[in-house]
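**Q** Since each chain sits alone in its own frame, please combine them into the complex, following the hints.
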Amino acid sequence: MSFERALVTGASAGIGRAIAVELAGRGTDLVAVARRQELLEELADEVPVDVEVLPADLASEEGLSRVEERLRGGDAPIDLLVNNAGASDMGRFAKLDVDRAELQIELNCVAAVRLTHAALPGMRARRRGAVLFTSSTASFQPLPALAVYGATKAFLTSFGQALHEELKSTGVTSTVLCPGFTDTDFVGDAIPEQILMDVEPVARAAVDAAEKGRAQVTTGIGNKVHAAAAAVLPGGALGKLAGKALGIG
Amino acid sequence: MTFLRAVVTGASAGIGREFARQLAQRGTDLVLVARSRDKLEELADELEVAHGVTSEVSVADLTMPGDVARIADRIADDERPVDLVVNNAGFGTRGRFDQLAVDRELQEVDLNVRAVVRLSHAAAATMVRRGEGGILNVSSMAAYQPIPYFATYAATKAFVTSFTQALHEELKRTGVHVTVLGPGFTKTDFAEAAGATGEASRLPDPLWMEPGPVVAAGLKGIEKNQATVIPGWANQLTATVADFTPSTITRRIAGFSRRFTSP
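Sequence order for the protein chains is X and Z.
Numbering that gives the first Met the number 0 numbers the first residue of the first sequence as 0 and each following residue consecutively.
Numbering that gives the first Met the number 0 numbers the first residue of the second sequence as 0 and each following residue consecutively.
If we strip away everything but chain Z, and leave its shape as in the complex, we get (with noise of 0.2 angstroms):
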């Protein structure tokens, strides 16, 4: 499946923005979607420029609802058909939740779960009606236990993966491929953003992934429409023995990597 168009969120910079380059590559034709305005723009020049692809530069904030619903309405315009929609925006907070900004957690959870669930509908909506389309929804590796001290940012991870293997099953015969990819360690600003640069840096080299991997990935994931993507050998071990372990030992686990990421 080659895609047309592709609506892209938090494009300006990390995983997001190499899905952009690569979907680029493959000539597909872009909506980029990020807060950024001049990141944006200097993107979509780049890819023209490299690719001779089309971007749409498209500024919102998805934890604003009505920016969400611009960007739904662009995904369901059937003038300019989108037929792919990775929805990749998302940030994590660190620290005790009782000491964390409850607003900002909120923000979180309306960036990482609502507007994901919002787009997710306009596509799913859009596509069924249209017999083809790809819905890729990135999650994370925290999707598979409990993280203290991150305990809000897994707990919107494992609703996406939860989430989108539902769906994935529900699309199943529309011609709707639905996939959830979970990155591990990704050299990215995520670590940054979330303030836990220094116990990132500790973390043994073969964790680390750069995003042109991920990426490739999940588009060879959403190609074949498969349910679940985790790139990287390390992640894969991780995901499998997270799966085949019962909840009570993974949360001790949980309990004890606090010393790496309890603030």
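If we strip away everything but chain X, and leave its shape as in the complex, we get (with noise of 0.2 angstroms):
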């Protein structure tokens, strides 16, 4: 299925904005969601689809309403849900502020679960629609250093495979995106460059498996590799040798 009208998002920016390029090379109209409207703006004028340009902080309550509002109604109903708005903070979490914890857990899970509570009643009506998850290959093992953000995707990974199958037959799909580091101001400098992905190859297969339905999908092959290791090595194990590559543990 090819969507008509998505909503992104932290489209400003890194992923978020490579999948709404990607949406828009395939013909698909947007709406663009993050805190800073010249960016939005910006990414309007580049696409040559229509994009309505939502500017909302999805860490307050009142930006998600706004955009809550926006999936239940209007006249051009959206068929594509693309929860990628996300934030880290790396470090040991008894010495990291917990405000930023907080946060943390607001935008990847909290925004997720309401944004996706919005869509789906449209979506089921209509028989028709897709909900993706921008979640990491850090839901795969626990992450020493990165222990809350680790835990906000483990907790977007079981949820949208969970909906994937709550949703069977209904004309509407969840999927799980699942990319390793990838080359975006999100990861800053702090990994070496030669483990990091392009974001548009992410973006692709992002789109590609919403298109199909399909539950998840790792992007990268060493990713892929990595996705095998968790899925026959206990937790505890690959969650020793994260800590041990961070330095910490």
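Because the hints were derived from the structure by calculation, they are not lab data.
For clarity, every value in this text was computed on a predicted model and none was experimentally measured.
Hints are not guaranteed to be accurate.
[Stated by the list, open to error] Among chain X residues calculated to face chain Z with C-beta under 10 angstroms, some are:
(1) Arg91
(2) Val97
(3) Glu101
(4) Glu105
(5) Ala117
(6) Ser138
(7) Gln140
(8) Gly149
(9) Ala150
(10) Lys152
(11) Phe154
(12) Thr156
(13) Glu164
(14) Pro200
(15) Ala204
Ideal placement from N, C-alpha and C gives every residue a C-beta, glycine not left out.
**A** Following this line, the structure appears as structure tokens:
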């Protein structure tokens, strides 16, 4: 199924923007959500499709309600919701600001749950639609130094896959995208260039998987190996390796 | 490691009450946290008479940020130090996600995830400074695979297990023990509260455990600083199989199990 109109959160940068551009290339109109209006306007100017610019902070009640409202109503129904906005904070949990930890829960989990809940009834009624969650290979094992971030992604992978099963034979699908380290501002300079993946192929794989209604897509050969290892190794073993790699634990 | 004073959330019933009882039996004083003052006071009296321990009763609704902050402050209080925090309070909702009330789903995330992170943070910061203590987070077997019609619940438990295992690695060599307990079907009011009693009664008997051995396994685990404790052989088998099975297959098994979990 190709999509008529997609709402993409975190559309101003990184994977979210790349997914928006990829969708536009396939003729899908967009509702672009992020905090920074000027970046959304830039995106709108760049792509050849109709773009509604919807600036909103998904960590705020007001911003979330506005996006929920757009998902529930409007003359042009949304047939793809891309829950992509997210935050992360690296460091030892005990020393991190707990409000930053909570912000990750707000953005990565709560916003995704609320927006999905707002989008599904309309999609089910029309028997047409899809939800795409940007999770991460971080969801495959506990991640020391990214304890909350990894956990929010474990939440999303579990949630998106359960929905995929719940939605069988409704005409609506749920897809979990698990990119590894991708070359975006999100990772900054923390990750060596050799293991970074360009953002365009990630976006292409994500949209392909959503169009096919696949439950999960892991991008990149290295990450597929990682996913396979995570599947056959006890969770604790990979967590220990991750801790060693990051110099913690 | 013997604990002097433990905070137990969700102490008024089920696994939480059993934690309070077994800790009291070992001489640990308690800070009992739950919504129901009557039940907590009754339990506090029982524990004092039976084991001579002192219990503070702390009435709190941990879906409310103000109440969570109050318990976090209590955990960080150096005047009356707490050296064990048992994050046990939690609930599950069953049904088609899009038909469940979203406010209840969000409360589930608030209680099962947000409160656990906030209280773990208060505990970790305080205990690392003191060089000792324990954080025991009660997760669930639901952490090991997605569960249709329990989508949010399983996701919150995937969070708690991942988070606690990562914290265990981070706090190695600080003297602070961190353990996640993953009970399976336990004879408590949980299924009733989630509206799943009919399904629960159809499950084969070996899958069911009494709270007693579940809690005993958890306490043994935190004393030895085990990262993960799965109580009971049937659950250990399930967790091992889930760990060694590709997620494409566990998801389908979960999909197959819809016939048990679907409303």
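**Q** Could you run down the list of hints and mark each one as holding or not?
**A** Hints, verified against the model:
no., hint, result
1, Arg91, "holds (5 angstroms)"
2, Val97, "holds (4 angstroms)"
3, Glu101, "holds (6 angstroms)"
4, Glu105, "holds (9 angstroms)"
5, Ala117, "holds (8 angstroms)"
6, Ser138, "holds (7 angstroms)"
7, Gln140, "holds (8 angstroms)"
8, Gly149, "holds (5 angstroms)"
9, Ala150, "holds (4 angstroms)"
10, Lys152, "holds (8 angstroms)"
11, Phe154, "holds (4 angstroms)"
12, Thr156, "holds (7 angstroms)"
13, Glu164, "holds (4 angstroms)"
14, Pro200, "violated (21 angstroms)"
15, Ala204, "violated (16 angstroms)"
In terms of the numbered hints stated before, the structure departs from hints 14 and 15, listed from lowest to highest.
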